[in-house]
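Start from the sequences and build out the full structure, keeping to the hints where you can.
Take a look at the letters that make up each chain.
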Amino acid sequence: MTAASTNATAKRGMRLDSDKVLAAACVAIPLIGLTLFFLYPMATVFLRSITTADGSYGFANYTEVLASKGFWRATQNSMAMGVATTIVSVFLGFIIAHGLHRCAFRGKWMIRGVIVLPLLAPSLVQALGLIFLLGRNGLVSRAIGTEVDIYGFWGLLIANTLYALPQAVMIIGASLVLLDARTYEAAEVMGAKPSRQFRDLTLPAIFFALLNSAFVVFIITITDFGNAAVIGGDYSVLATEIYTQVIGLRNFNMGAVVGIMLLLPTVISYVIERQSMKRQQGRHATNVQRFVPSFYAKRDIPMAAACFAVVAMILAVIGVVIYASFVKLWPYNQSLTFKHFDITLAGGYDSLWITIAISLGAAAGGTFLIFLMALGLRRLSGGISQMVQVLAAMPAAVPGIVLGLAYILTFNSTSTPLYLLYGTAALIGIINFYHYHTQAFLTVMTGFRQFPMALEEAATTLGAGLGRTAVNVIAPFVAPMLVAVFFFLFMRSMVTLSAVVFLTTAKLDVAAVTIMRLDDAGLTSQAAAFSTCVMAVVCLALGGMKLAIILMTWAPQTSKEG
Amino acid sequence: MNNNIFKLTASAIAICAAAPVFADALTVYTSLEEEEIAIYLDAAKAAMPDLEIDLLRQSTGKLGARLLAEAGNPQADVIWGWAVTAMMDPQVLELLAPVEIAGTEALGPKFRDPDGRWFAQIGYMGAFCVNTARLADKGLPMPTSWADLAAPEFKDEILMPDPNESGTGYLHVNAVLQALGLEEGWKLLESVDPNMAQYTSSGSKPCKSARTGEYTVGISLAFTAMQSIEEGYPLAMVFPSEGVGYELEASGIMASSDQKDDAKRFLEWTMSDEAIALFREHKALVTVAGGELSETAANAGLPADISTVLAPVDFIESAGRQNEIKAEWREKLGR
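Chains as they are written, first to last, in this note's numbering: chain P, 17 to 578; chain H, 15 to 349.
Note that these hints are calculated values from the structure, not bench results. In this text, all values refer to a predicted model and were calculated from it rather than measured experimentally. Some hints could be false.
[Claimed, not checked] Simulated pairs of lysine-lysine, DSSO-like, Cα-Cα distance not exceeding 27 Å:
(1) H/274 x H/124
(2) H/201 x H/169
(3) H/76 x P/85
(4) H/274 x P/523
(5) P/344 x P/355
(6) H/152 x P/523
(7) H/278 x H/76
(8) P/85 x H/169
(9) H/76 x H/274
(10) H/346 x H/169
(11) H/76 x H/124
(12) P/523 x H/59
(13) H/59 x H/278
(14) P/124 x P/562
(15) P/209 x P/124
(16) H/346 x H/76
(17) H/274 x H/59
(18) H/278 x H/124
(19) P/124 x P/355
(20) P/85 x H/201
(21) H/152 x H/169
(22) P/314 x P/209
(23) P/344 x H/274
(24) H/346 x P/85
(25) H/346 x H/201
(26) P/523 x H/76
What follows is the structure in structure tokens.
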């Protein structure tokens, strides 16, 4: 008896040790990736930012940037735009996520489908769509007879919100989907009205997600270049400032300075977020029952109306571009034609297929790495875990153009064997993943936060090691988030442009670059047609993957419920 | 020991991986327009069937950023048709090899580097894109000069690329300044500034916005204007009477290239009679003496003798002082 129990204790001791090793490996592998493919290139950029014109090191570039009027105006504009977009996107994102997960009405599949459209549409689509609709010669202006002027703050706010909204919905949704139904049943029994339930149960539980989504929206807004260039008019922001320095003036070092400065607000807002999160620890149910909302007219009708209004707006913006891709000469000759789909220039449709392969790779590899990292972080002590988390949340603060150039500077140097990656499809997959690392990481972390520690402890007590716990207990629990992250990475990799534009080569082109080339060549309608094809392909791919998931999970789920 | 094994493996992998990269294909970077590239490349392939060409096409600004970022380990063999003001940036010049290309001796001294690092037999021009439908709607007079654009009724109807972000923007600013002299030139630019709705980051964007009727006048490129007119947009191409800016498209061979013979062969082909004839058909500007204007160009309103509309641009000067001018523009007109 005694012998047996000591034996068991010894066994558990070993198990704990091997768990520690496994946990360390879980963090280490993604961390090596982050170091090689994010920290290292950014260090190269930092080195450029402190390289002065005569080749020596110093902070002269920084003092020059800080002294310029343009920089401060751009900073002010960026901050104002960041705050405004954050407020609007988190508010709307919350309404939509809440509508999807906590309200009962029909047609949710449509909301789910449409809300991600801005993510899978190439950036050109959103820009063209807004101009075709709201431009000075757009449909709305012509319909009401006076010219709306969207170029500037308001246009940029709309464009940024459309782009940020799906990401806000994804993160907030990740927390709402895991709220326990029984808590609400208990509240119901005790006579708490829905408004009270919302205030005292829902809001505190999703506080973390709201903060995270605010953080992501703010950061992606201040680093966005595409929207600012197309619809921002003369409303200059920090990202356009970088473009001017690097592309216009061929002055890398100054561009690098602005790029490095953009990291500051990220770190600051992340620290603020962490501080306010500290009060929020550890109040989670041990197991979770999915909440199935029942119809409540006073809540659900306005919520449904709000959701569908947003959806209609997104559909209009994207739909008008798809329509325009069939129009002979927008807006002057509205007869329909297929001729824009006959694309022979800029490499034609060739790039589409390789882009799908790259995107699948980035999504699969990325989701796996993020899962490992989130898993390992649960077992790591405070200090290290904090640092890893700040690092993992940083990539969004780097504008794509800065990241792309950093990759050239880093991986086109023969001083390390990493040089072998230069010019390969793999490197494009890698940059796509690290460019969108933050959103993916925060979504999974939001899901993990709600994973009850007790459940994990129970699994450990029952003798499951970290490996088994991860596969059999945690993975099924956070599966919805992993799927969301996979799709997110896939969609972004299909269409993202700013980072990869510097990594494609004479032999290797991706779809987003083909679209840019067509648009550069003045063939806007063909660019729209190509974008339509990309969207169709991505939708088909997503549909296929969804179907595969349903087929794969169908059997075990029915048996569980039965 | 371990280290040696690592190095050995690394270099073995490097050789395997690098082998296909350094195969026969010639890597060419260009900023020429897609449509012309397709035509010229077809002809080049017919003339030199054994020469394999891998081509990367990017806008002038992006290609510049890329060339400089790759400077530590350049990937291109040839730069073909890239804005000469960009090419003359000292950071770029030092990447180029001095090579004698047969045929370039026929070019005037303004159109080639005395050290043989670049030459330019072709070029492109700026132009105003005027939307005739919107012009009629608003009851505006057809502008024929920069001075016309200063009239108050053009308020918020004009777009122009920002010279700090776009080569086309600099092309226009530089042309005005060289044609009228610095003092008069700046005065004129400042008088048009209040009417500018936006300064854009892309050179073709003003024309594209004008052709869809978002704005009336887009200060942009002749190429985009001609193409838009051919597609059927209600657009007129106008060359300002002060003189229109133009830019040479220069070519050169990278000093790092290990295929200089093929590179030279390709560039010599671009100076052949066959290539020049093709250029005359498709380019607004060919610096080789003689020849006639193409039909498309004539239909769009390009004058038979282009030199009558061109501003007197000195490229050495315009490249040399561009940082000053851009900074001054930012100071005076930057938004």
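Each hint, compared with the structure:
1. For the hint linking residue 274 of chain H to residue 124 of chain H, the alpha-carbon distance of about 25 Å falls within 27 Å, and the restraint holds.
2. About 17 Å separates the Cα atoms of residue 201 of chain H and residue 169 of chain H, which keeps this hinted pair within 27 Å; it holds.
3. For the proposed pair residue 76 of chain H and residue 85 of chain P, the alpha carbon gap of about 26 Å is at most 27 Å, so the pair holds.
4. Note on residue 274 of chain H and residue 523 of chain P: the hinted pairing holds, with a Cα-Cα distance of about 20 Å set against a maximum of 27 Å.
5. A C-alpha spacing of about 8 Å is found between residue 344 of chain P and residue 355 of chain P, which places the hinted pair at or below 27 Å, so the restraint holds.
6. Note on residue 152 of chain H and residue 523 of chain P: the hinted pairing is violated, with a Cα-Cα distance of about 48 Å set against a maximum of 27 Å.
7. Between the alpha carbons of residue 278 of chain H and residue 76 of chain H the distance comes to roughly 25 Å, so the proposed pair stays at or under 27 Å and holds.
8. About 26 Å separates the Cα atoms of residue 85 of chain P and residue 169 of chain H, which keeps this hinted pair within 27 Å; it holds.
9. With a CA separation close to 24 Å, the supplied pair residue 76 of chain H and residue 274 of chain H stays within the 27 Å bound.
10. A threshold of 27 Å between alpha carbons decides the hint, and for residue 346 of chain H with residue 169 of chain H the separation of about 19 Å falls inside it, so the pair holds.
11. Between residue 76 of chain H and residue 124 of chain H the alpha-carbon distance is near 26 Å, which keeps this suggested pair within the 27 Å criterion.
12. Taking the CA atoms of residue 523 of chain P and residue 59 of chain H, the gap is near 17 Å; set against the 27 Å cutoff, the hint holds.
13. For the suggested pair residue 59 of chain H and residue 278 of chain H, the alpha carbons sit about 15 Å apart, so the restraint of at most 27 Å is met.
14. Between residue 124 of chain P and residue 562 of chain P, the direct Cα distance comes to roughly 16 Å. Compliance with the 27 Å bound is thereby established for this hinted pair.
15. Between the alpha carbons of residue 209 of chain P and residue 124 of chain P the distance comes to roughly 24 Å, so the proposed pair stays at or under 27 Å and holds.
16. This hinted pair checks out: residue 346 of chain H and residue 76 of chain H have alpha carbons roughly 26 Å apart, not beyond 27 Å.
17. Taking the CA atoms of residue 274 of chain H and residue 59 of chain H, the gap is near 18 Å; set against the 27 Å cutoff, the hint holds.
18. Pair hint residue 278 of chain H plus residue 124 of chain H holds up; C-alpha atoms about 21 Å apart against a cutoff of 27 Å.
19. Between residue 124 of chain P and residue 355 of chain P the CA atoms are separated by roughly 36 Å; this puts the pair beyond 27 Å, and the hint is violated.
20. A distance of roughly 23 Å separates the Cα atoms of residue 85 of chain P and residue 201 of chain H; the hinted pair therefore holds under the 27 Å criterion.
21. Distance check on the hinted pair: residue 152 of chain H and residue 169 of chain H sit about 11 Å apart at the alpha-carbon level, within 27 Å; holds.
22. Our distance criterion of 27 Å between C-alpha atoms is met by residue 314 of chain P and residue 209 of chain P, whose separation comes to about 12 Å.
23. For the hint linking residue 344 of chain P to residue 274 of chain H, the alpha-carbon distance of about 46 Å lies beyond 27 Å, and the restraint is violated.
24. Taken as a hint, the residue 346 of chain H and residue 85 of chain P pair is honoured in the structure, with Cα atoms around 12 Å apart against an allowance of 27 Å.
25. Using a Cα cut-off of 27 Å, the hinted pair residue 346 of chain H and residue 201 of chain H holds, with the two alpha carbons roughly 10 Å apart.
26. About 17 Å separates the Cα atoms of residue 523 of chain P and residue 76 of chain H, which keeps this hinted pair within 27 Å; it holds.
Checked against the numbered hints listed earlier, the structure breaks hints 6, 19, 23; every other hint is satisfied.
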